[in-house]
Amino acid sequence: MSGRAPADGGRFRAGDNGENMSDGTDLLTAYDRQGHWCEMLGGDGAPAEHAAMVRNRLGRLTLSDLVRRAEIAERELYNLGITFTVYSERDVIDRILPFDVIPRIISPGDWDIIERGSKQRVAALNLFLHDVYHEGRIIKEGVVPAELIYGNAYYREQMRGVAVPHGSYVNVCGVDLVRDHLGRFKVLEDNARTPSGVSYVVENRHMMQRTFPDLMDEIGIRPVSDYGQKLLEAVAELAPSEVTDPQVVLLSPGVYNSAYFEHVFLAREMGVPLVEGSDLFVENDRVWMRTTAGKAPVHAIYRRIDDAFLDPEVFNPESLLGVPGIFGAYIKGNVGLANAVGTGCADDKAVYAYMPRIIRFYLDEEPILDNVETHICRERDGLAYTLANIENLVIKPVGESGGYGIVIGPRATREEIDDVRAKLTANPSNFISQPMIDLSVCPTLIDGMIEPRHVDLRPFVVTGQSSWVLPGGLTRVALRRGSLVVNSSQGGGSKDTWVLEP
Amino acid sequence: MTIGTKFLLARYADCSFWLGRYMERAESLARILDVNLHFSRDSRGSQNWRSIVQLNADEERFDEAYDVASYANVVHFYVLDRDNPSSIISTIRAAKENARALRPTISTEMWSHLNVFNNTMATLTSDDLKQSELSRVCANIKLECQTHAGITEGTFFRDQSWYFYLIGREIERADQTTRLLDIKYHLLLPPDQRVGSPVDVSQWNALLRSVAGYHAFRREHPRGMSPKQVAAFLLFNMSFPRSIALCLSQIDQHLHRLRSGFGLRAGISAMELLDETRAALAGHTSDTVVQYGLHEFSDYLQRQLMAITIAVRQEFCGAPTESDGD
Chain A
1 MSGRAPADGG
11 RFRAGDNGEN
21 MSDGTDLLTA
31 YDRQGHWCEM
41 LGGDGAPAEH
51 AAMVRNRLGR
61 LTLSDLVRRA
71 EIAERELYNL
81 GITFTVYSER
91 DVIDRILPFD
101 VIPRIISPGD
111 WDIIERGSKQ
121 RVAALNLFLH
131 DVYHEGRIIK
141 EGVVPAELIY
151 GNAYYREQMR
161 GVAVPHGSYV
171 NVCGVDLVRD
181 HLGRFKVLED
191 NARTPSGVSY
201 VVENRHMMQR
211 TFPDLMDEIG
221 IRPVSDYGQK
231 LLEAVAELAP
241 SEVTDPQVVL
251 LSPGVYNSAY
261 FEHVFLAREM
271 GVPLVEGSDL
281 FVENDRVWMR
291 TTAGKAPVHA
301 IYRRIDDAFL
311 DPEVFNPESL
321 LGVPGIFGAY
331 IKGNVGLANA
341 VGTGCADDKA
351 VYAYMPRIIR
361 FYLDEEPILD
371 NVETHICRER
381 DGLAYTLANI
391 ENLVIKPVGE
401 SGGYGIVIGP
411 RATREEIDDV
421 RAKLTANPSN
431 FISQPMIDLS
441 VCPTLIDGMI
451 EPRHVDLRPF
461 VVTGQSSWVL
471 PGGLTRVALR
481 RGSLVVNSSQ
491 GGGSKDTWVL
501 EP
Chain B
1001 MTIGTKFLLA
1011 RYADCSFWLG
1021 RYMERAESLA
1031 RILDVNLHFS
1041 RDSRGSQNWR
1051 SIVQLNADEE
1061 RFDEAYDVAS
1071 YANVVHFYVL
1081 DRDNPSSIIS
1091 TIRAAKENAR
1101 ALRPTISTEM
1111 WSHLNVFNNT
1121 MATLTSDDLK
1131 QSELSRVCAN
1141 IKLECQTHAG
1151 ITEGTFFRDQ
1161 SWYFYLIGRE
1171 IERADQTTRL
1181 LDIKYHLLLP
1191 PDQRVGSPVD
1201 VSQWNALLRS
1211 VAGYHAFRRE
1221 HPRGMSPKQV
1231 AAFLLFNMSF
1241 PRSIALCLSQ
1251 IDQHLHRLRS
1261 GFGLRAGISA
1271 MELLDETRAA
1281 LAGHTSDTVV
1291 QYGLHEFSDY
1301 LQRQLMAITI
1311 AVRQEFCGAP
1321 TESDGD
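Protein chains in written order, with this note's numbering: chain A, 1 to 502; chain B, 1001 to 1326.
To be clear, the hints were calculated from the coordinates, so they are not data collected in a lab.
This structure is a prediction, so every number in the text was calculated from the model and none was measured.
Among these hints, one or two may not hold up.
Subject to a maximum C-alpha distance of 30 Å in a straight line, what follows is the list of computed DSS-like cross-link-like pairs (lysine-lysine) [stated by the list, open to error]:
{"#": "1", "chain 1": "A", "residue 1": "Lys349", "chain 2": "A", "residue 2": "Lys119"}
{"#": "2", "chain 1": "A", "residue 1": "Lys349", "chain 2": "A", "residue 2": "Lys140"}
{"#": "3", "chain 1": "A", "residue 1": "Lys119", "chain 2": "A", "residue 2": "Lys230"}
{"#": "4", "chain 1": "A", "residue 1": "Lys332", "chain 2": "B", "residue 2": "Lys1006"}
{"#": "5", "chain 1": "A", "residue 1": "Lys230", "chain 2": "A", "residue 2": "Lys332"}
{"#": "6", "chain 1": "B", "residue 1": "Lys1006", "chain 2": "A", "residue 2": "Lys295"}
{"#": "7", "chain 1": "A", "residue 1": "Lys230", "chain 2": "A", "residue 2": "Lys186"}
{"#": "8", "chain 1": "A", "residue 1": "Lys230", "chain 2": "A", "residue 2": "Lys349"}
{"#": "9", "chain 1": "A", "residue 1": "Lys230", "chain 2": "B", "residue 2": "Lys1006"}
If you anchor each label on the Cβ, the simulated ranges turn out as follows [said to hold, decoys possible]:
{"#": "10", "chain 1": "B", "residue 1": "Asn1048", "chain 2": "A", "residue 2": "Gln209", "range": "53 to 61 Å"}
{"#": "11", "chain 1": "B", "residue 1": "Val1116", "chain 2": "A", "residue 2": "Gly294", "range": "31 to 39 Å"}
{"#": "12", "chain 1": "B", "residue 1": "His1295", "chain 2": "A", "residue 2": "Gly294", "range": "40 to 48 Å"}
{"#": "13", "chain 1": "A", "residue 1": "Glu218", "chain 2": "B", "residue 2": "Leu1143", "range": "41 to 49 Å"}
We put the CB at the ideal spot given by N, CA and C, even for glycine.
Using the sequences and the accompanying hints, generate a full structural model.
What follows is the structure in structure tokens.
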């Protein structure tokens, strides 16, 4: 049969001959999770009961129907100008993670852990940020080394002593989670600056509602559509308290930013103007926007511009994206900013390693979500363990981002191992190490076949006076076989994420 | 009564204005190319493609890039040439860029259509523009522009932005009409050619068709067609959507709406310029305008429209004073 390719262990070719489904073959029968934890099937001895209904329905579709609907979805995204796949125009600037139509399903019980664990992390991050910009208790008590904070490129001395509304620094936090071979969720990193991707969460849901209404029928899926309103409420809570009807805006670097689509999406969902730096100005330490009727006050800003570009008078003087004087208005309490300035020193890899201790220090609680086991090489035990097990560990330099300088022990050459060993010995405090995690997989449509691909999950926590977690989050999928890298620049895609009603 | 008190970002006002202008310009250009293909033949039966270059005052830019004003060159210049900012492909792209900036406020249908239209334009090649194909291509472009107009009419939120969009569209319409009047009357009518000769009539016929006005004209003038009648129709008729008088009247209404309906205090000098222009138009008849010189009058109208554009953009959008941003 043209429909099977058994030699390849679980590949199933889409063809015109949908009739081969009439023998009762299930779409997922030939799918093999290849020993990984699977979001659709579960793990060894732990079948994913919660996904049974979706699995059965999915199984009854023909592969050709699945492929056809995926093509419709792809075409629609292209027409919306949020993806490019078919034609390659020389100046296309809108991009999207490719969309995979097979959803990732999360049980109510798992979600409860994720939700409580994410809120706990944000609570600890906010207390930590308040502390490092005020008394510095955690440093004085020797829990976190001073140089990790005060030597950090994202630490902003200008924020010292500045009170932020409700002590809420990280108003939007993306907590990157992975799931190991036993199905345990682990935090990979916290994104406390300007995490992106939430627009895909909502747009992917809309896409599924249009293309797979039959799959969702009568299944209680928690809605994701009120993100914009929750975000607006949280940002409005950062406005000066005497303003009763605050004007909120979204500040974007502009149409040529790779996340402009998301900025548009959020501005529309929040019902607020999308402004660029040049639309705003500061007069007498107050922020105004230029309108057809003259100037109009702005009270709170959801900014998608990094600290460094926010105010050329205070930070990068070359910045054309920012608003001169805005930082002055901010520290006088005349305008709220989400996220607060200076949150970057809390989402560094070096600080990440201390998160379990930070949670215990401020909240006197055990972390609900564990870190990936992390060895801090600045500490004697961590260094010794790392050097002894270097071939089995992932070694990460702490100051870098974007995967730069990471050595994956099991995949490294002899020279690379020797090189990183020398660096570790010379400057241990510059490194952490972690075991390689066998990330969970999800059935994914790849070239007309359903194959397992590794996924992660980024839930979004929105915090004004209190925290709220969008029930869902961004599931990114590494589309390349065997790849653990889910970033869009490295062949990553995204999936709709269904949190089931309890 | 104030129907809207919510502010509009100055930048959005500007982008709305240009979105309206660019879409109108693209449609107009497609009409002109199509009509020229069918109706503009001289006494020896050859088509004059250079007139389109003259019409748009693009001689300098055209001559730099092309040696002769052949069919292929002129059509390439006006449809596909990305280096020509007034080509259809550049115009649609500029419209799309303005729509992108306005994306937070416009409908998904409107954006999606414009995006698809722009993508379709990007796939056109010279092969698609062979003489046998041009009419179909132009028809498609017109249809897409009209689809845009329909989606916009049906989905555009009626805030200030809408009126800026309409002002942009009407200014462009009026501008296109003055250019047509000017070129046909001034450049295409050799001094020795007898007014009313068959070629002359066919050119006036083409002129009317290029503004989708032939049948409208016939409803007003069932018989005969004199240059003077056509000029008067395009200048003064208050029912024809592309006449100068109607366009100016609409701009006036939209400006009033912005000031009275939305409480905007800006726009005084734009209103003054507009009043002045409408008074000048009202002071003429078809006879006096010909005596005055149609070319001179068209020139005057174009200068006024440019001044109104600058005034609108400076007063409402805070645009810099030195250029009209075109």
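Now for the hints, and whether the structure bears them out:
no.: 1; hint: A:Lys349 to A:Lys119; result: 20 Å, holds
no.: 2; hint: A:Lys349 to A:Lys140; result: 21 Å, holds
no.: 3; hint: A:Lys119 to A:Lys230; result: 15 Å, holds
no.: 4; hint: A:Lys332 to B:Lys1006; result: 27 Å, holds
no.: 5; hint: A:Lys230 to A:Lys332; result: 26 Å, holds
no.: 6; hint: B:Lys1006 to A:Lys295; result: 12 Å, holds
no.: 7; hint: A:Lys230 to A:Lys186; result: 26 Å, holds
no.: 8; hint: A:Lys230 to A:Lys349; result: 29 Å, holds
no.: 9; hint: A:Lys230 to B:Lys1006; result: 22 Å, holds
no.: 10; hint: B:Asn1048 to A:Gln209: 53 to 61 Å; result: 56 Å, holds
no.: 11; hint: B:Val1116 to A:Gly294: 31 to 39 Å; result: 38 Å, holds
no.: 12; hint: B:His1295 to A:Gly294: 40 to 48 Å; result: 41 Å, holds
no.: 13; hint: A:Glu218 to B:Leu1143: 41 to 49 Å; result: 43 Å, holds
In this structure, every one of the numbered hints holds.
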